[in-house]
Every structure is written in structure tokens, then in C-alpha cells.
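Trainee: Here's the letter readout for the chains.
There are 2 protein chains.
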Amino acid sequence: MSEQVFAEVSEEALLKIFTLPEAPDSTLGKIEKDLSENLMGFLGEHIVAREKPLHEIEHNFAASEVPEQPRYVSDHTEFLLNNLVAHSVHTSSPRFIGHMTSALPYFLLPLAKLMVGLNQNLVKIETSKAFTPLERNVLGMLHHLVYQQDASFYQRWMHSAQHSLGAMCSGGTVANITALWVARNLLLKPAQGFAGVAAEGLAAGLQHYGYKRLTIMVSERGHYSLSKAADVLGIGRQNLVGVPTDDRNRIRIDKLREACEKVAADGGRVLAIVGVGGTTETGHIDPLNELADYAAEIGAHFHVDAAWGGATLMSDKYRHLLDGVERADSVTIDAHKQMYVPMGAGMVLFRDPSMVRAIEHHAEYVIRHGSKDLGAHTMEGSRPGMAMLVYSALHVMGRRGYELLIDKSIDKAKQFAELIAAQDDFELVTAPELCLLTYRFVPQQVKVALAQANPEQVKRLTPHLNAITRFIQKRQRETGRSFVSRTKLNPAQYHREPTVVFRVVLANPLTTTEMLQEVLEEQREIAAQAMSLRGALHTEMRELGLLARS
Amino acid sequence: MSEQVFAEVSEEALLKIFTLPEAPDSTLGKIEKDLSENLMGFLGEHIVAREKPLHEIEHNFAASEVPEQPRYVSDHTEFLLNNLVAHSVHTSSPRFIGHMTSALPYFLLPLAKLMVGLNQNLVKIETSKAFTPLERNVLGMLHHLVYQQDASFYQRWMHSAQHSLGAMCSGGTVANITALWVARNLLLKPAQGFAGVAAEGLAAGLQHYGYKRLTIMVSERGHYSLSKAADVLGIGRQNLVGVPTDDRNRIRIDKLREACEKVAADGGRVLAIVGVGGTTETGHIDPLNELADYAAEIGAHFHVDAAWGGATLMSDKYRHLLDGVERADSVTIDAHKQMYVPMGAGMVLFRDPSMVRAIEHHAEYVIRHGSKDLGAHTMEGSRPGMAMLVYSALHVMGRRGYELLIDKSIDKAKQFAELIAAQDDFELVTAPELCLLTYRFVPQQVKVALAQANPEQVKRLTPHLNAITRFIQKRQRETGRSFVSRTKLNPAQYHREPTVVFRVVLANPLTTTEMLQEVLEEQREIAAQAMSLRGALHTEMRELGLLARS
Numbered sequence: 001m002s003e004q005v006f007a008e009v010s011e012e013a014l015l016k017i018f019t020l021p022e023a024p025d026s027t028l029g030k031i032e033k034d035l036s037e038n039l040m041g042f043l044g045e046h047i048v049a050r051e052k053p054l055h056e057i058e059h060n061f062a063a064s065e066v067p068e069q070p071r072y073v074s075d076h077t078e079f080l081l082n083n084l085v086a087h088s089v090h091t092s093s094p095r096f097i098g099h100m101t102s103a104l105p106y107f108l109l110p111l112a113k114l115m116v117g118l119n120q121n122l123v124k125i126e127t128s129k130a131f132t133p134l135e136r137n138v139l140g141m142l143h144h145l146v147y148q149q150d151a152s153f154y155q156r157w158m159h160s161a162q163h164s165l166g167a168m169c170s171g172g173t174v175a176n177i178t179a180l181w182v183a184r185n186l187l188l189k190p191a192q193g194f195a196g197v198a199a200e201g202l203a204a205g206l207q208h209y210g211y212k213r214l215t216i217m218v219s220e221r222g223h224y225s226l227s228k229a230a231d232v233l234g235i236g237r238q239n240l241v242g243v244p245t246d247d248r249n250r251i252r253i254d255k256l257r258e259a260c261e262k263v264a265a266d267g268g269r270v271l272a273i274v275g276v277g278g279t280t281e282t283g284h285i286d287p288l289n290e291l292a293d294y295a296a297e298i299g300a301h302f303h304v305d306a307a308w309g310g311a312t313l314m315s316d317k318y319r320h321l322l323d324g325v326e327r328a329d330s331v332t333i334d335a336h337k338q339m340y341v342p343m344g345a346g347m348v349l350f351r352d353p354s355m356v357r358a359i360e361h362h363a364e365y366v367i368r369h370g371s372k373d374l375g376a377h378t379m380e381g382s383r384p385g386m387a388m389l390v391y392s393a394l395h396v397m398g399r400r401g402y403e404l405l406i407d408k409s410i411d412k413a414k415q416f417a418e419l420i421a422a423q424d425d426f427e428l429v430t431a432p433e434l435c436l437l438t439y440r441f442v443p444q445q446v447k448v449a450l451a452q453a454n455p456e457q458v459k460r461l462t463p464h465l466n467a468i469t470r471f472i473q474k475r476q477r478e479t480g481r482s483f484v485s486r487t488k489l490n491p492a493q494y495h496r497e498p499t500v501v502f503r504v505v506l507a508n509p510l511t512t513t514e515m516l517q518e519v520l521e522e523q524r525e526i527a528a529q530a531m532s533l534r535g536a537l538h539t540e541m542r543e544l545g546l547l548a549r550s
Numbered sequence: 001m002s003e004q005v006f007a008e009v010s011e012e013a014l015l016k017i018f019t020l021p022e023a024p025d026s027t028l029g030k031i032e033k034d035l036s037e038n039l040m041g042f043l044g045e046h047i048v049a050r051e052k053p054l055h056e057i058e059h060n061f062a063a064s065e066v067p068e069q070p071r072y073v074s075d076h077t078e079f080l081l082n083n084l085v086a087h088s089v090h091t092s093s094p095r096f097i098g099h100m101t102s103a104l105p106y107f108l109l110p111l112a113k114l115m116v117g118l119n120q121n122l123v124k125i126e127t128s129k130a131f132t133p134l135e136r137n138v139l140g141m142l143h144h145l146v147y148q149q150d151a152s153f154y155q156r157w158m159h160s161a162q163h164s165l166g167a168m169c170s171g172g173t174v175a176n177i178t179a180l181w182v183a184r185n186l187l188l189k190p191a192q193g194f195a196g197v198a199a200e201g202l203a204a205g206l207q208h209y210g211y212k213r214l215t216i217m218v219s220e221r222g223h224y225s226l227s228k229a230a231d232v233l234g235i236g237r238q239n240l241v242g243v244p245t246d247d248r249n250r251i252r253i254d255k256l257r258e259a260c261e262k263v264a265a266d267g268g269r270v271l272a273i274v275g276v277g278g279t280t281e282t283g284h285i286d287p288l289n290e291l292a293d294y295a296a297e298i299g300a301h302f303h304v305d306a307a308w309g310g311a312t313l314m315s316d317k318y319r320h321l322l323d324g325v326e327r328a329d330s331v332t333i334d335a336h337k338q339m340y341v342p343m344g345a346g347m348v349l350f351r352d353p354s355m356v357r358a359i360e361h362h363a364e365y366v367i368r369h370g371s372k373d374l375g376a377h378t379m380e381g382s383r384p385g386m387a388m389l390v391y392s393a394l395h396v397m398g399r400r401g402y403e404l405l406i407d408k409s410i411d412k413a414k415q416f417a418e419l420i421a422a423q424d425d426f427e428l429v430t431a432p433e434l435c436l437l438t439y440r441f442v443p444q445q446v447k448v449a450l451a452q453a454n455p456e457q458v459k460r461l462t463p464h465l466n467a468i469t470r471f472i473q474k475r476q477r478e479t480g481r482s483f484v485s486r487t488k489l490n491p492a493q494y495h496r497e498p499t500v501v502f503r504v505v506l507a508n509p510l511t512t513t514e515m516l517q518e519v520l521e522e523q524r525e526i527a528a529q530a531m532s533l534r535g536a537l538h539t540e541m542r543e544l545g546l547l548a549r550s
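Same order as they appear, the protein sequences are chains A and B.
Here the numbering used here is used: position 391 in the first sequence is 391, and no number is missing along the way.
Here the numbering used here is used: position 108 in the second sequence is 108, and no number is missing along the way.
Bound-form chain A, shown alone (with noise of 0.2 Å):
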């Protein structure tokens, strides 16, 4: 009814869609009634499979203007649904393997309906009211999930004023820079004759304590996040110090040690020595408990970044892979990853409720000193309440339901890790520790050849496979059928050579074996096509002296 009735300008037009509702036979009637009914089917039926190029998407986006007149919702409607969902990506089909967003809990979107029609906002209890102790209650579990405090921890401190377990926040990068600043602050705090850094800012608080620099220590597959962290809080890209992996992508503690003696060396100071909970690319887990230990022995912050790997905690079969994360004075986790929970829903979590004290802010008219507002201590300001979303996807699947999910995901990335090495002309490059594996076309001739191809071998090959591979990647993206991501890595088998690799996330819950089997032999026909890039790898075969006689 109401589409109908605005596209003209009065204040009696205007008010209507305040108060009018749209009718359930409107588009937008029609589309939620869809999105309820068969979101899967919805997606599909509106998201088109083959790729349209950018910038004729471009095309429908340029105006510059704010348009003067109103439009109808229906036409608006259908504008959308033409030219922006339809162009969209289909996250959550589960063919679609190459991102950390999965299918939605169905449950979910009747409820995010409800929190954008509640409209409140976390930044203080006089707009979120209940909301504030729901969101310290989801911090509480997720604090105990990861620290298993006991009962009378989180009486005393979840609902604490002057405390925090930790905040939430839009995902996992503000959720690092949140962990690293609350870390600088503590080491460069107030004292005899100093305001803090907080205050006095960071040039004042590295003359007092008699440091050249701040470093942040992390493994070269550190996120990039951890770089704008760098820069944002005033250390430095630079002073993020990436050391090297070893073989399964795990941080070297030896090289570690050595870096870190060279920034003391150079009178530098150890802000915060990282570990990776999950690598982005590859899903592998640093040595926690080896970090613990050598960031209690220099006294640097130790802070995990587990936005992938955190979820894990729920399965008692794999929760181990995590040890020693309990140890971090600070841990982020995404719930919009793993945890199944829409976009914008990441979270840091504190060891100590008072170290959220180095980063607290007031003011008078909101957060006043001993109100219970949540943005005394978070980074972001007005927010909306995400938090009612985890705190239903924790109570609707339970410990349980999530343990079940995780277990599964990393057991089927496993199996098809085995199909991987199965096939003649697939190869993987790593194994997957959580759901995460890479993998890479090689012809089943250059595969042996590369078996025992020297260094040199290997460096002129291997940019004849990365082209393969990328174009691989692309094609299947276009085609629309399924998606894998791509990325780059030094694998120690290859001699550190860069070398470019399919990327797949296993955590979507409806992805079956017979569709990764699909995914495979796409690939396979896909390969069949690049020609000349096969052409060219030939040609660097012969000339290697590579070539089976034939």
C-alpha cells in the first residue's frame, strides 16, 4: 500500500512511511516474504551466476547527485534487485568455498529484523537499556570460553562498571587495534612525573620510559590488520616485525627470540608479540604456549588473534589446538566468521576486567564516570546492537550445535584434503589444521618433474603455475558455478618461491564431498582451456630439460 503512495513531496506523503507499513503484496512485501519462506532459493533465483564486469556494474552506480524527487519503493525495489543483488555474491551458497562467511542460521533474520527495528545503540544504557547487560553477558561467555574463569569471576566483574571483559565491536580489525591500544597504554602508563601516554601521547611516553621505539611481533601470515594497527596507534608499519614461519606456517620461536633481542639490542621495546589463532590463509595456529612463555619472559603483551581460529574453543575434540590462548592478556574473536552470526560482529576479549581502564573516555553528557555505558571502553562510539545475535546463536546450537559444526568442518576439510592428493593432477600445498587447505593445479607431468627439480627448476616453473592458477581461479569466478579464493605463499617445499594457490574455507555446514568433487573437476576443465599457459609451462619444461623423452 505504501509503495504507492510516496513520490510526491508532503509532509502527509513523507509521514506515511513512518507510519504505513508496506503491504504484504508490495515488492518489498513479496521479497521478505521469500527471504523467510527460502532465503537459499532467493539468493539463487536473484544472483546472477555469471560474472558481470565491473564497470558496467559502475554504469548503473554514477550519478553523483542526490536524487531531488522521491522515488517509489517499488520502483526503488526493483532497481535493487536488478542491478545490486542481483550483481551481488552469493555467500553462502555452499559452492562457494573461498570466503569465511557461510549460510545463515534461518532463525537469525527475523531477529536482525527486530534489532534494526529496536534501533538501539550500545554506546550508553539511555539507548540500549537491557541491551547493555546482554551484551556484557555475551563478553562474559565468550570471556569464559576462552579464560574458563569460575563462577564468582564473572559475578564480580562482568556487570562491573568500571570493568570489561572485553568489547564489541564491528570485526576483527578494530578488535586488534582495540587489543594493541589498551596494550601501549599499559606499558607506557602514568607515573612519577608522567600523565601516560594516553594523555601526554606516545613521542612524550617514549622519552620517559627511555624507549626508541615500540615493536609488534607476529609471524609473516600475521593479518593485515595488525599493519593498520601499526600505523593508527602511532608505532609504525615498520615497527611491526614479521618473523619467519616454519613449514606449517607456525611462527619460529628461535627467530622469534632473535628479533626481539635485536629491538632490545637497538633500544627498542617489545609492545606485544602476537599469535596467529587460525592463519587468514591457511588456518594454521602459532605455538601459544611457547608465546606465553617467552612474552611473561621479556614482559611483553601477549595478545592472540584468533578472529578465525577462536570458534574452535567450543569443540572439545579441537580445542586443543588453542592451547595456551588462555594465557593471552587479550584475545580477538569474529562471530561473523565461525560462529555464524551476520557481518559486524567482532569482539575482543581482555584476561584482566581492569585493563580496559587504560583506554577509558567520559564525557557529560553520555558515559558519565560510574554509569555502566558500554562506550567508556570500546573504540567505536554509537553501534548497534549486534550482540543480540551471538547471544542467540550461543543459546539456540548450544555448545554443542557449535562443537558438531566445527567437528564437521575441519573433518570434511580433511577429506578433501585426501581427494586433493588423490587426484594426478592436483597437488596440495597445505594441509588443513583447522578448515582451511590450499591446493594448486600442477599437470600430472610437471608434478613429477617438480618432485625432483632443483631450486633453480623450481624458480622458472613456478610462475608458469601461478599464471595457471590464477586464471583457474578467475575463470570459475566468473562461471559462477562455485568460488575458491586465491592467495600467495612461500611454501618450504618450493624453496620459498611465491608461489599463487587456490585458497578453500570449509565452513559452510551444506557443502557435501559431491560438490567439492564438482569444484575439482571444474577446475580440471577450466585448466584444459589456458592454452597458452599451458603452452608457455611446456616450453620452460623442454628447456629445463624437464620433458619425459617421449
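Rather than coming from a laboratory, the hints here were simulated on the basis of the structure.
The beta carbon of each residue, even a glycine, is placed where N, CA and C say it ideally should be.
None of the hints are false.
Partial chain B-side listing against chain A, Cβ under 7 Å, derived:
#	residue
1	Val116
2	Asn121
3	Leu134
Once you have looked at the hints, place chain B on chain A.
Mentor: Frame of chain A; chain B shown alone:
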């Protein structure tokens, strides 16, 4: 249907929540229907009016462990309705005029559900596709609203990979931090023998350029997020300099000049001057043109925090209030404030599309060099497709629709100001420039006395009046019929004595004059109950010899 099938842990049961929709007659199905058909009715029915004490609400959110077993969706939903929704804040009520959140247009709710169902991640094209040009389009339209460049400008820059007209983010705080991050990195940019602050850090930057410190200048009424920004960026809160304001809460240019000269004389460098485009507390706007002149004179970055006031640019009638904003290097605008979009739609805009190069980040697996991935130029990483809601609101309401809403809101504020001024026992403290105003309750006798009181007498009376204002505001909020917020100002007319005031924001288009009258009536009734506070005020009056002879 599905809501009854879960609550047992088997793979089959678990998969059902991903594949079986909620039945229309389920608890969640009914909620959806209610939300779709009668949002205000739903909120009015489910949010209890009388406020429940926070500590009682906390009892329901005290469990510290992730529940072990799954729970029926219906049971969980009932729990949410009774314990969360019931005690949330009715932010869209037209009688709740103390927040910057307002009623939402109906069409945004189903669209929000669509956005969640699509679950795009805007960090990269790979997980957002058409959402990326759409977001760039929204930034372009807002950029045009502020800077009004010609079509060729937008054609050239809007979709350019290496450029960005701004950044969307969760809210104004992140927007302000991003703007100042860019400013800091531009000032301490790479030069001969220096790789730039982004790479080497803040201390090295200050040393290279020979500055003792950086400062950010803003009026005393600047938003507290700037203090967070100064802290996060390593500049230090003490280096956020609060400049005195005139009797309309606008920065005093003479005082600004004085403060900046002092910074320079001490070897510091003014990084940025921040103009306030609608103070949070009173809605006043700094003289932006004068600030632009002065910022240019001393070579400082000029940022305008128009988180609240930015939407006013839609109004031909009131746009002039922000004259000079088009000379800002960067501008913050929150679409979840007076642009009537749900929480989570902050934005920062940059005059020069190449400024964001100062904070550019890349990685192997996302935001590769040359890609149009938005994550290369934002502080946040993964984040949701909120831009779709802004885009839709801009199209369905159009500039002229917004103009009407904004004009009406300011007119309504002026009417309310007149209404207050006409009362014997209320007093307007700040008149509306935008749709914000502040006032307080002052018994008639005291009002008369105050008019001729000397500074010392004002000083002694004010705490009593403050206590009464606090009492009324708190009681009115608890009663739950209506809500105004409160803050503390230092009004020139009261010799800068800290004065507690009611703060009103009239953005909700559904608020009527009758409702405003009722708000005053209710406050008057509550004031009548504040016997002991009024007694103390009376005693003070007598001691001061201010009681009219009777």
C-alpha cells in the same frame, strides 16, 4: 516448523536451522509479521513503560558459560521478548525526544533483512561485488552534497581504485578518528630520509619535522570522540585543545588564534582545526568559514564534525548554516542520525580523493594493489553493507523529502522554544539553531530572583536548580511515558556556572506539539513532588535574601 525441530544435537537437527525456514505461525514468524504490519504497535506493546532497575535486568544476563545444550527457537524468542525487548529503549517513540535516534521509515526494515540475508562483506570486491560501486556511489552523493563538484569530478574519481571520496564506517567516532589519521599521515608524510609516520611511527615523524608535539584544536563543546582520536592516534588527550566558546556555544576565533600561537611558540604544531557542525549538546554550529580561513593561514588540516548537522545540507533553507563546510579537508556525517537510517551508518568524506592514499593498506589475499577493494582505505576491515540502506533512503525520500523533514524539525524546535519561553516556570537555556534546544525547570519565584542575582548568588542557587533538573529528568525517564536527556552546560548568562539542563532533539517527524506540551506538563508535575529539593532551594533563597517579601 523448524523452531520445534531443533534443541537436540544431531547433524540432521543442526542442518535444519540452516535449511528449514521459521514457520509463519511460529513465535518468530509472528514477530516478523507484527514488525512488518505495525512496528510502532509492536514496540509499544512489548517495551514496558516503567523502567526496571538495571541490577534486576542484570539477573537475567548473569550466566557465565555458553549454554551446553541447544534451545528451541520459540523458547529463546520468548525469553528475548520478556527480558530484552521488554526492557529496551523505545528509541522511535515520538515522545522520546532525548536521543538522536528517531522513528525509521518502514521500507528500511525489509531492506535491512535483505542486507543481512545477502551478508556481503564490504572489505573487498570478492565478497561484495555490486555493493562496492554502490557504496562508492553513496560516498559520491554525500561528497557532492558537501563539496558540490561538477559531474566530471565524480566521473573521474568516484570509482577510481587508487582514490576514495570517503569511507563508510560504523559511526561518527570511527569517522573522526579516520579523518585525523589521514591528517596526521599527510602532515608527517614521507620525505628525504624519512619514510613517513605511517611507516616509522609518530615519534620519528615529530623528530624528522622538528615538532615537539601535534595538537588538535576544537571548541570546548567538541564531541568526546575527538579525545578518543587524540588518544588512539598517539597524539595525547592533553594535545586536544578545548577552545572557549561564545554565548552561542561557537568557538571563539580570537581564543583559537591565541591558543594556536601558544602551541607554535612552544615548538608544537597544529595538526588540525575541528569545526563542529552541530554540537551534540546544543546543536550549535561553529563559524566554518572563519575556521577555514584560519586553518589555511596556519596550514592546518580543517575537519568538520557534522555527524549531527550534516543532513541539514539537504535543506535549501538551512544549508547556509553550514556555510564553509565545503572548504573542509574532511567532514564527518552520520546517516543513522538525521538521515533516518538504522544504527551503524557513519561516514567521513574527503575533499581531495587522493588524501586516503595516506592510510592505504594492502595484502596478498585481499585489497591487492590496483583492486577497488574498499578495505584499502578504511580503518575497519570486514563490515556489512549498510551503504545499501543509505542509498535506498536517499532515493526513496529524495533531497526534497529530506529537506521537508529537516525544515519541519527545525520549525518544531523553534515552536517548542517559544512554548518554553512562554512558561512561568521553565526557562530556555539554549535556543535552537538546528532542531536541538536545552531548557530547565525554574520555579517562577526563583526565575524572577535569578534575573537580578549577582554572580555569587547564581553560584549558590545553581546546584539546587541542577538537583531539581536531575530529579525531574530521572523520574520522567523511569516513568517511561516520555524522555528528554540531560547534560551540563556553562551558560554565559549564568556566569559560566555548570548548569544542568534538559536536552531535546526534535528529529522524529511523528512528534507533535501536543506531545511537547505534555512533556512540560509531566515535568511540572514531577517538579511538584520534589519537595525536599525545593525546600533546600527555598532555604538558600532566604539565606541569600532573595525571597520576595510576602
